[in-house]
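Make the full structure from the sequences, and use the hints.
Just so you know, the sequences run in chain order Z and S.
Just so we're aligned, residue 659 is where the first sequence starts under the numbering used here, counting upward by one.
Just so we're aligned, residue 659 is where the second sequence starts under the numbering used here, counting upward by one.
Quick caveat, the hints were computed from the structure, so don't treat them as lab data.
Values in this document were obtained by computation on a predicted structure and should not be read as measured data.
Mixed in with the good hints there might be a few duds.
A pair holds if it fits inside one copy or across any two, identical chains being indistinguishable in the list.
What the hints assert, rightly or not - Under the rule of at most 27 Å between Cα atoms (straight-line distance), these lysine-lysine pairs were calculated in the DSSO-like manner:
{"id": "1", "residue 1": "957", "residue 2": "1085"}
{"id": "2", "residue 1": "1085", "residue 2": "742"}
{"id": "3", "residue 1": "1085", "residue 2": "743"}
{"id": "4", "residue 1": "798", "residue 2": "908"}
{"id": "5", "residue 1": "806", "residue 2": "908"}
There are 2 protein chains.
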Amino acid sequence: MPLSANNTKRKSWIEVPKNSDFPIQNIPFGVFLTKENVVTVGTRIGDSAIDLGALQQLGYFSGIELTDDMFIQDTLNDFISDGKKTWRLVRNRIADIFDENNPKLRDNQEHRKIIIFKIEEVEMQLPVLIGDYTDFYSSKIHASNVGKMIRNEENALLPNWPQMPIAYHGRSSTIIPSGIPVHRPLGQTLPPDATTPVFGASRSVDFELETAFITTDANIMGEMIPISEAEDYIFGMVLLNDWTARDIQKWEYMPLGPLLSKNFATSISPWIVTMDALEPFRVASTKQNPSPLPYLQQKGKHSFDINLEVAIQPEKTEPTIVSKSNFKYMYWTMNQQLTHHTSNGCRINSGDMMGSGAISGPTSDSYGSMLELTWGGEKPLKLNNGSERKYINDNDTVIIKGFCENSQVRIGFGEVSSKLLPPFVRK
Amino acid sequence: MPLSANNTKRKSWIEVPKNSDFPIQNIPFGVFLTKENVVTVGTRIGDSAIDLGALQQLGYFSGIELTDDMFIQDTLNDFISDGKKTWRLVRNRIADIFDENNPKLRDNQEHRKIIIFKIEEVEMQLPVLIGDYTDFYSSKIHASNVGKMIRNEENALLPNWPQMPIAYHGRSSTIIPSGIPVHRPLGQTLPPDATTPVFGASRSVDFELETAFITTDANIMGEMIPISEAEDYIFGMVLLNDWTARDIQKWEYMPLGPLLSKNFATSISPWIVTMDALEPFRVASTKQNPSPLPYLQQKGKHSFDINLEVAIQPEKTEPTIVSKSNFKYMYWTMNQQLTHHTSNGCRINSGDMMGSGAISGPTSDSYGSMLELTWGGEKPLKLNNGSERKYINDNDTVIIKGFCENSQVRIGFGEVSSKLLPPFVRK
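Take a look at the structure:
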């Protein structure tokens, strides 16, 4: 099936600002609330939010087999569940509808009023109901950095790390879209040199710069998805800030892994960028040594050249970029993650989300967490306003952006931005 | 509010066999599929399944404020979300309807045909849509046994264990009701003395004897549930078999905890027994030393005297009981688990499930896993048919039962039973 939506020659009759993440070649999927309090599935071109529910009701998807209420929903789960063929038909159709040479909607002012909103007039929601969320630990540079700090240079990586994509289950109930603030968590920590823990506000709230992919229904219970098929079950990607309280994590994580240090909040960008839109930015993944076991071996290019950056914005000041990384630095690919996750027969449903783990680049200004950027607080970062940060301060906003770019097109994710508030006070 | 449903003098006009887990004083809640392929919320008295949706439609709940379709649903989430007052009004009303002295339904043969089914004619479903599942590790005897095997007697418990209820996030998508078989998982393991892992069928599939509690909506994001209020948010309990592949676990669990070793399947009993029904069996919990931090301190009795047992049934033979334990051996209480889980502001929703972790008793015949019962395979168990087990064999059925009993009443959970099949073969 030709991906006509990817045609870089195409222009939209909707204005797309220069350097926009959302040209007509992107066509991401999300869910938004209109000023009239209607929730709908939508897409975005430039700075316009497009109501796909209204488009469907007005007949613009005729000829594509869709259930009547496919887009008049508060999640994308049903659409994602329909599979790759439907995703492509719909994305190509949207590209056609908004093509500058197609007068059908362009010249119908009445329909345009019902279908198109200014992006600042809608409120972005979580795009999917996330049944299960797994967070991987698949950047070798990140895992090595953490290992060096916890252990030492020689034993930075544990023996299982190079053999399989290590991960833990995260919490679905606290995944929130960009824009929702987060309270500094309370928790148990063990002060330096103490033998008894204390309970109070975390002193080291960190971000982790991550991406995540959203799956469709992949298998029945018991069934493994072969790596050659894994990509068929990945709908698209978002940016993810894996908020982490380092002091809580340090005290709680042995032997069952992180829990309260992570599950107070996980922020994601609201537009799911499809794998089809990312296709022009496919690159080879990091060379793997040792060679993985056969069930994790794959040929071809399976990573993506996605520029990532993190900024910290203290209240009433401009943001300071504190890290620039790239998705291509990942060691384990999304296909390997999904295949490994199903290798024991674990069932994967539509709307499940899998995080990459912090994505650290090779240089010290490309690390994916404050833990690494300040090397455990040893080297505080200087912000543009002159203040210093070891971790995130109350009322700082953390902003993660991501985009792909070549000479012909820029496909971006927008951002995931979220402010850290002081601890919650019960009314 | 008086718990008239707990009146032990009361008898039902529905026959209740001797030693039934389901006298009229129990009134658990579940979801079942009838022969006519209708899914409904229900309860059970003796060996009768009772359709609460039909009861509601026929007006038997009049006077109780319920949404029209409260019980005509395929999960209990909405009912649980309504809170403790509704749970009690409905449970008391059911006790009244089925009281031997109440002729209203008893003498209405037409209604009885619509409302009451033989238990063997219905198919039990998962009782709730489980948004998030957390599994604790709260039996001190179990954690010590595992610690002794992995480390040594002196360092059996890690320093954090006595300070807080340790837990990990589990996977919701593979939680299944009693009766559904489970395939032996494949996975990566490191053979003894090897430096490179292999991929294949697990050789050490184990059960863990657990209970779990189901919550109602407890808090908004950021908010901690004080321990004095925790009990208000616990709807009821089920039995849980936390299937575990020990060889996969050993190789994967560092440093982020168990993932594929657990998430191939988790089996639960289908009837949720309410905390109100368990009230007569409230007992003091294990004395805690050191004293927990203030946010985890509670007065009064917060454990329950629930007899637990595990049997293994090889194909075409009788089951052999391999362990007899009791919920009262737990170290951390459910209230402490829930309060700790929300101490960082983690949001708890209706239908969330929290497992106890393996519940081991003080003697070697009361341990909650094959790992402990056979001490890592060193002392195989002899079954009644003469065969031996280190772990669970293909085509063995693992049956967990649980019940409370005093001189006046027996309140039981029924069972969670599930057969281990050979590895899945893709068609």
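Here's how the hints hold up against the structure:
Proximity of residue 957 to residue 1085 under the C-alpha cut-off of 27 Å is restricted to the inter-copy arrangement: shortest distance 24 Å between copies versus 57 Å within a copy. Proximity of residue 1085 to residue 742 under the C-alpha cut-off of 27 Å is restricted to the inter-copy arrangement: shortest distance 22 Å between copies versus 47 Å within a copy. For the homomeric pair residue 1085 and residue 743, the shortest alpha-carbon distance between copies (23 Å) is at most 27 Å, but the shortest distance inside one copy (50 Å) is not. Taking the shortest Cα distances, residue 798 and residue 908 sit within 27 Å of each other both inside one copy (20 Å) and across copies (21 Å).
Taking the shortest Cα distances, residue 806 and residue 908 sit within 27 Å of each other both inside one copy (15 Å) and across copies (23 Å).
The structure meets every hint from the earlier list without exception.
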